[in-house]
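Visitor: Construct the entire structure; sequences and hints are all you get.
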Amino acid sequence: MITTQPLNTKGNNADKTRGAPVCFHCGDACDGYDIAIGDKYFCCNGCKTVYELLSDKDLCSYYSIDEKRRGKSPFDDGYSRRFDYLDDATVIEQLLDFADGDVRMATFRVPSMHCSSCIWLLERLGTLHPGVIASRVHFPRKEVTVTWNATQVSLREVVSLLSSIGYEPFISLQDVAEKRTRESNRKLYYRIGVAGFAFGNIMLFSFPEYLADEGTIDPAFQFVFRYLNVLLSLPVFFYSATEYFSSAWAGLRQRHLNIDVPISLGILSLFGRSIFDIVTGIGPGYLDSFTGLIFFLLIGKIFQKKSYDALSFDRDFRSYFPLSVAVRGDDGEHNVPLTNIAVGDRIIIRNQELVPADAVLLRGEAHIDYSFVTGEADLIRKNSGDRIHAGGKQVGRAIELEVIKNIEQSYLTRLWNNDVFTKDSQGSLRSTVDHISKYFTIVVLVIAFGAALFWYFHDPTLMTMVFTAVLIIACPCALALTSPFALGSAQRIFGNNDFFTKNTDTIETLARIDTIVFDKTGTLTQTGSSQVRWHGPALQEEERVMLKSLLRQSTHTLSRQVFASLAGDRTHEVGEYREVPGRGIEGRVQGVPLLIGSAEWAWRDGSTAIEAGSTAVYVSISGVPRGHFSVPNLYRDGLRELVTALKPEYELVILSGDSDREAARLRTVFGEDVPMQFQQSPEDKLRYVQRLREKGHKVLMVGDGLNDAGALKAADVGVSISENINTFSPACDGILAADRFSVFPRMLAFTRSSMRIIKAGFMISFVYNVVGLSFAVSGLLSPLVAAILMPISSVTAIAFTTISTRLTARRRGLL
Amino acid sequence: MQVMFVLIGFSLLVALTFLGIFIWAVRSGQFEDQYTPSVRAVFDDEWRAENDEEKPPARADSDSGHAADTVEHAQDEPHGRGNKNLADREDDTGTGSEKQEASTQERAKAIRRGNIETGSATDGGGNPDHA
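Sequence order for the protein chains is R and C. Position 465 of the first sequence, counted from 1, bears residue number 465 in the numbering used here, the numbering being contiguous throughout. Position 64 of the second sequence, counted from 1, bears residue number 1064 in the numbering used here, the numbering being contiguous throughout.
Some hints could be false.
Simulated restraints on C-beta separations [said to hold, decoys possible]:
1) R:Y210 / C:R1027: 31 to 39 Å
2) R:S307 / C:V1014: 31 to 39 Å
3) R:T644 / C:G1020: 54 to 62 Å
Derived contacts from chain C toward chain R, CB cut-off under 7 Å, selection only [claimed, not checked]:
4) V1014
5) W1024
6) V1026
7) F1031
8) D1033
9) Y1035
10) T1036
11) A1041
12) F1043
In case anyone wonders, no lab produced these hints; they're calculated from the structure. C-beta atoms are modelled at their ideal positions from N, C-alpha and C, and glycine is treated no differently.
Guide: Dropping the structure here:
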């Protein structure tokens, strides 16, 4: 693999001096002018190949569609049989959406699609291969659905084709184990359509009755209008509104008065009373209010159902694992589905492949990247005979391993056998609306029966009228609309700030959190030695080896980071080694004196410019300043501010899988009173969070790696921090972009504001209810009053919550 | 006034038509993906505009004319469509099938150069296992 430096770091000295060209295909900086076609330069052969492929088919418009965001360079590990498992009949069957005759269709998730050019190219796969009949992109889901002719091209070849142009589909064990079922909003749209259609027409047919003076309307018209209204309202009652009845019934069966109970009561009395009025000829009924109510309620529902298609909140380890793995048998090597791997199997793991089960290294040089598991990108070197945990990714040449544990029983995956993953942990916190609706329903029923009783003694003819009128006007539509619109707006505002929540309940729960548990590695710390950069004349191979040798002696975090960033394995003996805390290290490697450390230490000069957000490590060789490494700060930017903001309001806890070597540094940021646990296994973390909850705390877990998956699931809210939103994060309730970490306290505060807004919305709807009830109990609730009051209260509720949520967000700088 | 009944019926009919259109729109998946079609629409225009510019003369003229044409374009356009002939371009619309085959081989070459294997390059397309 060829490493490239991102384009956005133009401040790199090496770039300035060499004036390196930018890759025509992917936009990364090139290492030189070696790879070129005409005046176009490429960073690697992969990019050049994609360009050739595209220019060959006259698809170069690709580059002019979105010039800022170039293509993706194809991942090339030099191993062409990577997709062999896609020739397996059972795998094919599980991946196909559709097969008929020679026509095959499958949907692939392509995480690397990122711009309009990608859509353009992916929808022109047919030009690249005649066997592809059609390809269609669903960008929000980052999916491409490909239809192809099986006589001309196979599934494996389609996947290879996608990979060869830089869009490697992500095919995981989870895709196969459970066929993706997409929750569709179609039914809800139909319901809204029907309700809206009926609402509009009924309103028109009701106007004559409302506007005409008593008795001036032609009885024939009156008859037609009234019965047309009944006809139009039937599908609303029997189709659009059914979800409320079933939800209310489900609630009642669990002895729980949810918000749908009073809504259903209101709907039933609205509809029943209207039909009664019309059939007996008493009046025009409340059918316009009824259909309008359903229409608004359903709109609230769809507003609340905002989902982030490209993100998945319910991934487990299986979505990280490949479908199959190469097993060496007596008769050579073949691909075996992962589910069939048994203890004792000899598996072959190639570059960039994951180790699927705990195993022992038999042959080869293992450099394992545990970033999936721990969030740390440093490579760990393993020797023959060493144990390698499942979830590690091999970087480098192929290795041979012997499986020592089943996949489900491996160190990492064992976590998923815990109860928290089998039972739904949610539900301990009832939403505020449901909480209020209990009392609301009781109060409404008391008022209704009270009023009925009163009229029974005064004017029995009005009794049922008043009783139904109370239920109609008390129907908590404004109440029911407040929270969808407030939380739905909040969710969208969070989305704008790169914090994506699974649903609106998450936001409500976040507002009640009192304890925040942080994972350390990858959550509080920034990941990756990959970010370490050298500034100065390029290092010679021998110089690099010398620096590496010296750095290896030091246990300081900065040394370790720089050490990990330097390629190669060779080291020399170090003589006269000395480490001065807070200043640096020195020593002799092959007779050459080296100094590494602060500017003062290594360069005898304290006046050098330092990049923001990183620490500079200076180097001098033979007493001559050679350059410096810039090492990104270990802790995320804004961590100190985050702690300052959160500490007064929440209890903070740190759980780390790491050793306690950084405890002292963490203490300086978090203070002495924050509990810190080190060397926590994934199960330890899970249990810690469970214990906190048992003590009555409302816990927010902030983590990143798969090792936090248990704790994330066990917490009231699990938020996973991700450097790249489109890569995969473990099962959680929310995904936060790493660069928004410092904004997080503001978001938490905003959830509390949202709840205050919801409560204010409730007050407004109560005011409407009191006004309406005063009409109802006095027996004066005419259809016209209902027709005016009910939509107004709904619209006020929607307008108030949406506008005030947005204003609050703006005040907090989230919009 | 009896005409009112006809009008009411007519208005209902119109409203029902709109409801029908809405249901059709939901059915055809227009509410599932509200982003991609917006981008796609822009491409289609661009794609067509490009074809209008370049295709007609290509079809009308003889092959020798194309070469000059292509070179000119290569110089004009910043992203250069340099080293290929217009026969390939006709390929895009799926006209000549024998030309498709020719270009498949070219692509195969390109893929081999990049050490990326796709099946059709080696076994000539169509894996019997999947037929």
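Visitor: Hint by hint, say whether it matches the structure.
Guide: We went through each hint and held it up to the structure:
1. R:Y210 / C:R1027: 31 to 39 Å: holds, 36 Å
2. R:S307 / C:V1014: 31 to 39 Å: Between R:S307 and C:V1014, where Cβ atoms are some 34 Å apart, the hint holds.
3. R:T644 / C:G1020: 54 to 62 Å: Given range 54 to 62 Å: holds, Cβ gap about 59 Å.
4. V1014: Given a least distance of 10 Å, the restraint on C:V1014 is violated.
5. W1024: violated, 10 Å
6. V1026: Since the shortest Cβ distance to chain R is 4 Å, the answer is holds.
7. F1031: holds, 5 Å
8. D1033: It holds, given that the least Cβ distance between C:D1033 and chain R is near 5 Å, below 7 Å.
9. Y1035: holds, 5 Å
10. T1036: holds, 4 Å
11. A1041: violated, 11 Å
12. F1043: With a closest approach of 5 Å, the C:F1043 hint holds.
Checked against the numbered hints given earlier, this structure breaks hints 4, 5 and 11; the rest are met.
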